[in-house]
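Trainee: Chain by chain, the residues run as shown.
2 protein chains.
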Amino acid sequence: MAVSAKIHGFMEQGGWIRKMFEMGIALKEQYGEENVFDLSLGNPVVEPPEEFHQELLRLAENPIKGMHRYMPNNGYPGTRQAVADGLKTETGMAFTAADIVMTCGAAAAINVVLKTILNPGQEVIILSPYFVEYGYYIDNHGGTAVIVATDESFQPDLKAIEGAINERTRAIIINSPNNPSGVVYPRELLAALGELLAHSEKKHGGEIYLISDEPYRRIIYDGLSYPQVFPHHLNTIVVNSHAKDLALPGERIGYMAVNPDCPDKAELADGLTFCNRMLGFVNAPALMQHVVRALQGVTVNPLDYQRKRDFLYSRLTQMGYTVTHPQGAFYLFPESPVDDDVAFVDALQNWNVLTVPGRGFGTPGYFRISYCVEDKVLEGAMYGFAKAAEEFGLQGAHSD
Amino acid sequence: MAVSAKIHGFMEQGGWIRKMFEMGIALKEQYGEENVFDLSLGNPVVEPPEEFHQELLRLAENPIKGMHRYMPNNGYPGTRQAVADGLKTETGMAFTAADIVMTCGAAAAINVVLKTILNPGQEVIILSPYFVEYGYYIDNHGGTAVIVATDESFQPDLKAIEGAINERTRAIIINSPNNPSGVVYPRELLAALGELLAHSEKKHGGEIYLISDEPYRRIIYDGLSYPQVFPHHLNTIVVNSHAKDLALPGERIGYMAVNPDCPDKAELADGLTFCNRMLGFVNAPALMQHVVRALQGVTVNPLDYQRKRDFLYSRLTQMGYTVTHPQGAFYLFPESPVDDDVAFVDALQNWNVLTVPGRGFGTPGYFRISYCVEDKVLEGAMYGFAKAAEEFGLQGAHSD
Chain A
901 MAVSAKIHGF
911 MEQGGWIRKM
921 FEMGIALKEQ
931 YGEENVFDLS
941 LGNPVVEPPE
951 EFHQELLRLA
961 ENPIKGMHRY
971 MPNNGYPGTR
981 QAVADGLKTE
991 TGMAFTAADI
1001 VMTCGAAAAI
1011 NVVLKTILNP
1021 GQEVIILSPY
1031 FVEYGYYIDN
1041 HGGTAVIVAT
1051 DESFQPDLKA
1061 IEGAINERTR
1071 AIIINSPNNP
1081 SGVVYPRELL
1091 AALGELLAHS
1101 EKKHGGEIYL
1111 ISDEPYRRII
1121 YDGLSYPQVF
1131 PHHLNTIVVN
1141 SHAKDLALPG
1151 ERIGYMAVNP
1161 DCPDKAELAD
1171 GLTFCNRMLG
1181 FVNAPALMQH
1191 VVRALQGVTV
1201 NPLDYQRKRD
1211 FLYSRLTQMG
1221 YTVTHPQGAF
1231 YLFPESPVDD
1241 DVAFVDALQN
1251 WNVLTVPGRG
1261 FGTPGYFRIS
1271 YCVEDKVLEG
1281 AMYGFAKAAE
1291 EFGLQGAHSD
Chain B
901 MAVSAKIHGF
911 MEQGGWIRKM
921 FEMGIALKEQ
931 YGEENVFDLS
941 LGNPVVEPPE
951 EFHQELLRLA
961 ENPIKGMHRY
971 MPNNGYPGTR
981 QAVADGLKTE
991 TGMAFTAADI
1001 VMTCGAAAAI
1011 NVVLKTILNP
1021 GQEVIILSPY
1031 FVEYGYYIDN
1041 HGGTAVIVAT
1051 DESFQPDLKA
1061 IEGAINERTR
1071 AIIINSPNNP
1081 SGVVYPRELL
1091 AALGELLAHS
1101 EKKHGGEIYL
1111 ISDEPYRRII
1121 YDGLSYPQVF
1131 PHHLNTIVVN
1141 SHAKDLALPG
1151 ERIGYMAVNP
1161 DCPDKAELAD
1171 GLTFCNRMLG
1181 FVNAPALMQH
1191 VVRALQGVTV
1201 NPLDYQRKRD
1211 FLYSRLTQMG
1221 YTVTHPQGAF
1231 YLFPESPVDD
1241 DVAFVDALQN
1251 WNVLTVPGRG
1261 FGTPGYFRIS
1271 YCVEDKVLEG
1281 AMYGFAKAAE
1291 EFGLQGAHSD
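Those sequence lines, one after another, are chains A and B. For the working numbering, add 900 to where a residue sits in the first sequence, where the first one is 1. For the working numbering, add 900 to where a residue sits in the second sequence, where the first one is 1.
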């Protein structure tokens, strides 16, 4: 066989998001692009902020000698300093450039963190619903994923997490604002989670890392200020990317930040830098490191997304859908009107509306809507949502 | 411990190139930058070709809508087509865009290939002297590196390779022009290697992939035309980057190309695309994919490097050093005048000349000189080389 047996198996399982992506292409060919309402992908249609274009143009017009060469594997000191300064402002904590490693996006960062910390047989807790690739990332580096369900509001269930922690537990990955549920974890909950982890570290005699995946940190609504994760656990590593806040998902630019109060922060940062190299990332793309240095305070306007959320949430709840009100990211995770979420997603697809079944996130019985699309796509999808609501007998459903 | 036991061990061993890099920083601080002659790194000081700057400027001035978004994980169809067209011209073989996967450089590509093909317990042959990180890459994906020495001219030793092949052999990595020796593998040798691999595949009943790491393919001298690897083995995957030919090592842009005549090429390309995503690379940086699309025929001028090689080779041989005459890349790999290459590299360091001991490439008794530096650095290093030659009693040595 050309590919390994394991990879062959993974590819057979496919991935729901990829399946919907391919289905989207087929439907668009059949019905025309404007008649297919693709809400399956987290690929923002917004363009990067004007400041990004200006900075890129400035660098293209005034190239710096050596600006495309290798730099230290952890990134340019100036870029790391800019990220540290930004985090200092956001958290009030004493970040320095030494706490930052620039990476090829957040997916790279999570892989690098797991490679750095995992010993064979160790476990990583992930909370369902979860970004399905976490499972691959953990497997890549010899770890075992332990899935713990969130509560009915998609918030971490501390009792359940406590029950899952044992002497093999090496890390827990959290993601707030959350993909796919859109919920933001409140400060009190993070504080309690931090206490639980510190207590468990003492009990089992080893570090339990809190890996906080924060690409949606700046995409929050209702005037909320982001409840920071860092202050609540010493062994915290934040991974981030500029895929969403600067709308640069294709550029693969992000970072890892180690808690400045972490007792082993120097060894940890050295390990992350080493693994960034040995996994073949080597360093984050040079030009984008130059560009984002000046843009740490810049972000796309979350009010655009908030408006889309408001439209979608109010229309869907009117139709009778049950939806947790999300306060960030650009996803809605409604209950499927029937237990079989794949059957419901298929029904929506008959109306040319593409979504992803909840089992693609380890949580059957729900489906994910991505609303980082143009308004006309959201508006166009409403007819299909209404027809499907009617078909499955939702209270309040009427499709006229 | 903050990092895993294995990573801790790897970091303790360090890496010679990294050690010399850090030593360079310390010496430059002590003696001043202009008094340290750092020949330890493959970080070209040449700037990218003018066509690169023009293309980057054109894109920065005329942004394409959506040009920073996600694209398919194997890259933009137009960029893959451009790479396929270039390979078609170079090899005369029928490449299509479907045979190409864009990657975050060649280090990423090798990791993706190994992840895709390796089953647990399988072996990968590498030829010493070799780029030391190959060992990490193989270990990353559960493989075992089997090291086979090259012959006295640093050419692959087919008898030795044949002796190393068994039913667990899954791949062999070759690198021509070679880092660290600078030698180019001739056509006849590649043909014989291809025959050996095909014969071994039949004997053991499984694919043996020829992974050809070709970042220096365009950096060849003496009017040589590159002896292509593809025509000699069906199960060939070429990995490449634009780090050297376009002088963009910091940008992490490269590709994998599957032999268009490979019977399983579709499954293989799908597997490579899948693993590109699951390892967290996701896709090659979008902007660089746009830029290099138009630059597949462009390369830095190899004559600059040839001139540096000529200078260095003639001066060192005059001093009595024994050096294989290299026909590509930008490295020289002379014999150490004493068996202990680390002692000799230390002696050179006393003259503020930084090189890398051969044991950093699995081949003690030699040392590597990287000459992708400014002429004045090469010229400045001559005094130290002469003094060290004298110190170790080389015939012809005189340091005046």
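Simulated from the structure, these hints should not be mistaken for laboratory data. Errors might be hidden in some of the hints.
A pair counts as met if it fits within one copy or between any two copies, since identical chains are not told apart.
[As the list claims (entries may be wrong)] Taking lysine to aspartate or glutamate pairs in the EDC-like style, the calculated list, with each CA pair at most 16 Å apart, reads: (1) K1103 / D1057; (2) K1276 / E934; (3) K906 / E1167; (4) K965 / E1052; (5) K919 / D1246.
Nothing here was measured: the structure is a model prediction, and the numbers come from that model.
Trainee: Against this structure, judge whether each hint is valid.
Mentor: Here is what the structure says about each hint:
no.: 1; hint: K1103 / D1057; verdict: neither (20 Å within a copy, 56 Å between copies)
no.: 2; hint: K1276 / E934; verdict: within (9 Å within a copy, 62 Å between copies)
no.: 3; hint: K906 / E1167; verdict: between (33 Å within a copy, 14 Å between copies)
no.: 4; hint: K965 / E1052; verdict: neither (55 Å within a copy, 40 Å between copies)
no.: 5; hint: K919 / D1246; verdict: within (12 Å within a copy, 57 Å between copies)
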